[in-house]
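Chains A and B, in that order, are what the protein sequence lines are.
Take the first sequence: its position 4, counting from 1, is numbered 4 in full-length UniProt numbering, and each next residue is one higher.
Take the second sequence: its position 152, counting from 1, is numbered 152 in full-length UniProt numbering, and each next residue is one higher.
Take these hints with a grain of salt, some might be off.
[Unchecked claim] Derived coverage of chain A by chain B (criterion: at least 3 residues anywhere in the stretch with Cβ under 8 Å from a Cβ of chain B; other residues may be distant):
#1 23 to 35
#2 57 to 69
[Claimed, not checked] Chain A is faced by these chain B residues, among others (derived, beta-carbon under 7 Å):
#3 50
#4 53
#5 57
#6 73
#7 119
#8 121
#9 122
#10 133
#11 137
#12 158
#13 160
#14 164
#15 181
#16 182
#17 183
#18 235
[To be verified] Label-pair distances were calculated between CB atoms; the ranges are:
#19 B:211 with A:65: 20 to 30 Å
#20 A:61 with B:90: 56 to 66 Å
#21 A:57 with B:23: 40 to 50 Å
#22 B:28 with A:61: 51 to 61 Å
#23 A:33 with B:146: 48 to 58 Å
#24 A:33 with B:204: 29 to 39 Å
#25 B:225 with A:65: 17 to 27 Å
The hints are simulated quantities; they were obtained by calculation from the structure and are not laboratory data.
Beta carbons: idealized from backbone N, C-alpha and C, even for Gly.
Listed below are the residues making up each chain.
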Amino acid sequence: MTITQQNRYLDRPSPSSLADVINTILDKGLVIDIYIRVSLVGIELLTIDARIVIASVDTYLRFAEAVNRLDLTDTQTHGIPELVEGVTSSGAKGKTSGAIEGAKEKLGGIFGGDDDDSDKSSDDEGEDEGQSRKQPARRTRKSTSRQTKDKED
Amino acid sequence: MPVHIYGVTDTSVEIPEDRKGRSKRPLRHVDGGDLRVIVSDVEADSRVLRDDLLAHAHTLEAMAELGTVLPMQFGVEMPDDETVRLEVIESRGDEIRPLLERFRGLIQLTVSVDLNEQEALKETLRRDPDLVALRDHAQRAAPQDRHPAEVRLGEAIAASLERMRAEIGDGVADRIAPTARAVSFGEVRGALQAAEVFLLVERDRQSELDAEVTTLREDLAPLASVRYVGPQPPYAFLDAASSEELAWA
């Protein structure tokens with residue numbers, strides 16, 4: 001315990017990624033209605049799309065395929081060979097990132113075509129967004145059936 | 001030229017010099033009395049790019065670091081500075097001042113937890129032998145029966161993930177809520193997000209939440225990962241504060 005604490009660094013919050021802004025600046029904040037000048041139609045479509053996807057046959061099949069790739073011994077006993085683990089997870093990872101790319105393009109399309117330019121210019125800023133950049137696409141691809149849970153509680 | 005409006009603060013809060021607004025245009029402020037509106041010029045009818053959204057969010061976050069700021073929802077544009085003075089400061093000043101006062105010394109921090117798909121799927125099989133049986137059944141099914149069997153398996157997996165993320169989400173909320181003055185929950189997105197918790201925290205107690213998030217991250221790994229965002233202006237608490245629903249000391 002003492003050793004862990006010596007090596008521990010403290011988490012610090014980071015700036016918003018694109019995923020975060022969908023729940024904040026697009027959804028919340030002061031509004032003066034008659035001066036809303038930006039059409040957010042594209043963003044609404046994106047949210048609706050995300051909600052439909054999860055309860056779909058496609059999603060079920062994707063999960064089914066993903067668990068088919070998991071090695072049974074891996075799930076039943078914990079002493080699995082390192083090699084098997086590596087093979088199964090890298091295979092599935094390849095598939096996942098393909099889907100992420102697809103969703104990313106879609107998001108780009110909604111916010112205008114010159115995505116490459118906008119990506120480049122944000123790289124110039126060079127802040128701590130590198131790791132979070134992929135997340136919005138992932139979020140938009142999936143959706144939720146538990147979305148109102150917290151509100152209902 | 002029209003102006004994009006970021007948010008409202010008071011005249012004691014300066015715009016950080018290295019910050020740029022939408023399309024890398026300089027940030028400016030329009031002052032009236034004790035209120036300060038943060039704006040930048042924007043082309044009329046310009047398209048919204050990712051960087052525009054991030055410029056808006058990051059400007060507000062940089063300001064929140066320095067003082068109390070009320071965020072404008074993205075997309076509010078006015079024809080000129082005079083309209084800003086009139087419509088924001090003069091017409092809305094009486095609503096804005098008490099809100100700024102309510103949020104003084106408070107910042108929003110956001111903790112978001114996502115299941116890691118591979119680990120979460122393994123965990124569903126570890127927890128539920130029926131799923132393993134369903135999977136074996138699907139794998140052995142004759143070609144014509146395979147599709148329905150896989151749909152059934154996938155549906156069962158989805159339900160199991162659902163329970164898992166609800167369970168993790170509730171646990172997360174219980175652990176981090178005590179550090180906050182108020183808590184609000186975001187709409188969970190996707191099949192794997194377990195929680196999005198907005199916390200209204202006293203500025204000088206942020207380190208307590210930092211510490212809580214640190215142990216949370218360690219405890220949830222490798223099953224789920226934690227994103228920790230802020231400091232932000234109090235997006236998630238504006239409505240409640242305006243309508244006096246937000247009860248805090």
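Against the structure, the hints:
no., hint, in the structure
1, 23 to 35, "holds (count 11)"
2, 57 to 69, "holds (count 11)"
3, 50, "holds, 5 Å"
4, 53, "holds, 5 Å"
5, 57, "holds, 4 Å"
6, 73, "holds, 3 Å"
7, 119, "violated, 9 Å"
8, 121, "holds, 5 Å"
9, 122, "holds, 6 Å"
10, 133, "violated, 11 Å"
11, 137, "violated, 11 Å"
12, 158, "holds, 6 Å"
13, 160, "violated, 9 Å"
14, 164, "violated, 11 Å"
15, 181, "violated, 17 Å"
16, 182, "violated, 14 Å"
17, 183, "violated, 10 Å"
18, 235, "holds, 4 Å"
19, B:211 with A:65: 20 to 30 Å, "violated, 40 Å"
20, A:61 with B:90: 56 to 66 Å, "holds, 58 Å"
21, A:57 with B:23: 40 to 50 Å, "holds, 43 Å"
22, B:28 with A:61: 51 to 61 Å, "holds, 53 Å"
23, A:33 with B:146: 48 to 58 Å, "holds, 53 Å"
24, A:33 with B:204: 29 to 39 Å, "holds, 37 Å"
25, B:225 with A:65: 17 to 27 Å, "holds, 23 Å"
In summary, the structure is inconsistent with hints 7, 10, 11, 13, 14, 15, 16, 17 and 19 from the numbered list given earlier, while agreeing with the others.
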